[in-house]
Amino acid sequence: MTVQFLTVGRLAENTYILSGEDGAVIIDPGAEYERIVRTLNGKSCTHVLLTHAHIDHIGAAAKLQQSGAKVYLHEADMPLLNGRGNLSDALGIPLEPFTPDVLLKGGETLDLPCGQVCVLHTAGHTAGSVCYVVGDALFSGDTLFYLAAGRTDFPSGSITALFDSIRNKLFALKGNYTVYSGHGEPTTLAFERENNPYA
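Per our numbering, the very first residue in the sequence shown carries number 36; after that it's consecutive.
Simulated from the structure, these hints should not be mistaken for laboratory data. Cβ coordinates follow ideal geometry from the N, Cα and C atoms, glycine included. Since no wrong hints were added, every one of them can be taken at face value.
For lysine-lysine, the following PhoX-like pairs were computed, each having C-alpha atoms within a straight-line distance of at most 20 Å:
hint, residue 1, residue 2
1, 204, 140
2, 105, 140
3, 78, 98
4, 78, 105
Between beta-carbon pairs, the in silico distance windows are:
hint, residue 1, residue 2, range
5, 203, 226, 13 to 23 Å
6, 210, 98, 35 to 45 Å
7, 117, 232, 27 to 37 Å
8, 45, 183, 18 to 28 Å
9, 181, 210, 10 to 20 Å
10, 79, 229, 35 to 45 Å
11, 188, 56, 40 to 50 Å
12, 105, 42, 21 to 31 Å
13, 187, 45, 20 to 30 Å
14, 125, 193, 16 to 26 Å
15, 190, 45, 11 to 21 Å
Sequences are here, hints too, so could you generate the full structure?
Written as structure tokens, this is what we have:
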């Protein structure tokens, strides 16, 4: 598996492309569909994994679905797939509607072209926020950042749930992981356990 990332859209969101022999998996295609496709270098995107349902993370999901990819989203974020819930109305960013192909509950292990993907339900930023573990990589969406954590003042956010997710789910993982977050630079789980103010 190789990991590429693009920073896309007005909110500088990180879109990740995980390529395997049989295709590519895209995590959080927030915007700039054409640029994302160019970065695939001819590979087919087979699956789209969404960490949550905010507009800056889902903006290109509909077009990728139309091109044949299956879209995954946690079931608790389904109510956010409207203009107010996903923040598209507030930000004035149009969203092409889509319906996820697979609704996640958390705890799944998915066999995808990039390898096995473990789904962690990490509510807090939104009720249905998830993180994806692939090998020694942790794709944390807007749950965990370098020396920071996600906001909880948007629809379905909860600071109590966020603290619980970070401390009792992410920091409880054994070993170290490279953390690829939804915004900003990569970090490591070991560094965040020791230095993050939410620890």
